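Use these hints to put chain B onto chain A, whose structure you have.
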Amino acid sequence: MVASVELRRPSYFALAALIDGPLHGYAIVRRAGELSQGTVRLSTGTLYALLERAIEEGLVVAGDEYLEGGRRRRDYALTAAGRGELAAEARRLASASRAVAARLRATRKAAPA
Amino acid sequence: MTRESRARIALRAYPKAIRASRGEEMIATLLDASGESSGRHRRELAALVAGGLRARARQRSLPGPTRDLADGFCYAATGLLALATAESVGIDARFAPHGASLWHLLVVGGALAAALAGYDRIASLAGAAWLIDPLAVVRGPQFGPLLAFDVVPMVCFLVMLILPRRGPRRPARLAWLIPVVALGILAGAVGPRSYWFLSPLVVLVPLALARFQRDPRLAIACALFAWEVAMFEVVQVADGQALPLGVLPTVLLFATAPVVFALTLMQTHAERDGETT
Chain A
1 MVASVELRRP SYFALAALID GPLHGYAIVR RAGELSQGTV RLSTGTLYAL
51 LERAIEEGLV VAGDEYLEGG RRRRDYALTA AGRGELAAEA RRLASASRAV
101 AARLRATRKA APA
Chain B
1 MTRESRARIA LRAYPKAIRA SRGEEMIATL LDASGESSGR HRRELAALVA
51 GGLRARARQR SLPGPTRDLA DGFCYAATGL LALATAESVG IDARFAPHGA
101 SLWHLLVVGG ALAAALAGYD RIASLAGAAW LIDPLAVVRG PQFGPLLAFD
151 VVPMVCFLVM LILPRRGPRR PARLAWLIPV VALGILAGAV GPRSYWFLSP
201 LVVLVPLALA RFQRDPRLAI ACALFAWEVA MFEVVQVADG QALPLGVLPT
251 VLLFATAPVV FALTLMQTHA ERDGETT
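Top line first, the protein sequences correspond to chains A and B.
In terms of my numbering, the first sequence opens at residue 1 and continues consecutively.
In terms of my numbering, the second sequence opens at residue 1 and continues consecutively.
So here's chain A without its partners, still in its complex pose (with noise of 0.2 Å):
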């Protein structure tokens, strides 16, 4: 396992596409545009290179290939350590976006109008 690193927007949300369960190449792209609603459209080159640095470092396992509607699909799932790393990004963004929230409810009055 690697040490907790910040993972990228495209990453983040193509690793939290995997929490529910494994799911194939456009099928992560479909949920990591819904999770992200809309933000983050991940290209065909984009998500298989990640895929490839995510099973490098453990954080995705990939299954067997196998036919779906004449297309060859292999399925991706989350491993522990993928989950915990994803789980350690969403607890870094929670605190990042708690502490601007914050401050701007505390600086609120003093902004010029």
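Derived from the structure by calculation, the hints contain no laboratory data.
Do not take every clue at face value.
Claimed, not checked - Which chain B residues stay away from chain A? Per the calculated CB distances, all over 12 Å, these:
hint : residue
1    : Y14
2    : L48
3    : D68
4    : E87
5    : V155
6    : W176
7    : L248
As the list claims (entries may be wrong) - Residues on chain A that point at chain B, a partial pick, calculated with CB under 8 Å:
hint : residue
8    : I19
9    : R31
10   : E34
11   : S36
12   : S43
13   : T46
14   : Y48
15   : V61
16   : R72
17   : R74
Note that the structure is a prediction, hence the values are computed from the model and not measured.
Think of the CB as a built atom: it goes at the ideal place given N, C-alpha and C, for glycine as much as any other residue.
Only chain B this time, still in chain A's reference frame:
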């Protein structure tokens, strides 16, 4: 041409191993992600090509014979730049510096500084500029023979441009400029000595031989340097002089690089066989 055949062409940007293991599912994902939109399909194709090129670059940066050879060429390029910088400093120390010589020192010294700090692509372009400038202006009728002298550095700079070393930038390595400048001042003080530039090899060759099994990169760089010395001999002959080192040493110098390259590849194969058995 169908969308699938376009996707298969774009997929060729990826290394063979990735195409074999993931190619079919990548095409399936790309066709699904493209949907009905031709604009989205074009963007997907462009992203696939970009991803493939990145994967190739990443593969080249991993340890292996290609990386060792490329690193050896980069080390040789850095060594040749150090030599040229020292030579330029020596000339400026002996004679009054003028506009052209200072410009020459700035280009070659800048290239060396970039190579030391880890900016290989900048170093290779500045190094090529250093080679091209004297070729066109100074050499005149001797252009042909002296071109041979520039073959090794030019190949080294080309490899440095295409396969630069990976890793963090290291500005602290600029400290190596100090011994290079000191060597140049020393060479300038003692006057022209044809083979003074071989002096660093007294330390480097034994070190390269001692490290060869573990790390062949320095040996590759030394072999390229030997080839450059042999080229220097050939240039002397083309200039109407006898071979200063003699025929046999020159042939041996030429033979060094192919032997070192072959040993590197053989060693890698042996390691690979050892891993698979």
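Now for the hints, and whether the structure bears them out:
1. Y14: For B:Y14, whose nearest Cβ neighbour in chain A is about 9 Å away, the distance does not exceed 12 Å, so it is violated.
2. L48: 4 Å, violated
3. D68: The claim stands: B:D68 keeps its Cβ more than 12 Å from every Cβ of chain A (closest is about 22 Å).
4. E87: It holds; B:E87 is separated from chain A by about 45 Å at its closest Cβ, greater than 12 Å.
5. V155: 31 Å, holds
6. W176: 32 Å, holds
7. L248: Holds, because the least Cβ-Cβ distance between B:L248 and chain A comes to about 50 Å, which exceeds 12 Å.
8. I19: 20 Å, violated
9. R31: The hint is violated - A:R31 has no Cβ within 8 Å of chain B, the shortest such distance being about 13 Å.
10. E34: With a closest approach of 14 Å, the A:E34 hint is violated.
11. S36: Violated. Min distance 15 Å.
12. S43: 3 Å, holds
13. T46: 6 Å, holds
14. Y48: With a minimum Cβ separation of about 6 Å from chain B (threshold 8 Å), the hint on A:Y48 holds.
15. V61: 14 Å, violated
16. R72: Since the shortest Cβ distance to chain B is 4 Å, the answer is holds.
17. R74: Status holds, d = 5 Å.
In the structure shown, a violation is registered for the earlier hints numbered 1, 2, 8, 9, 10, 11, 15, in ascending order.
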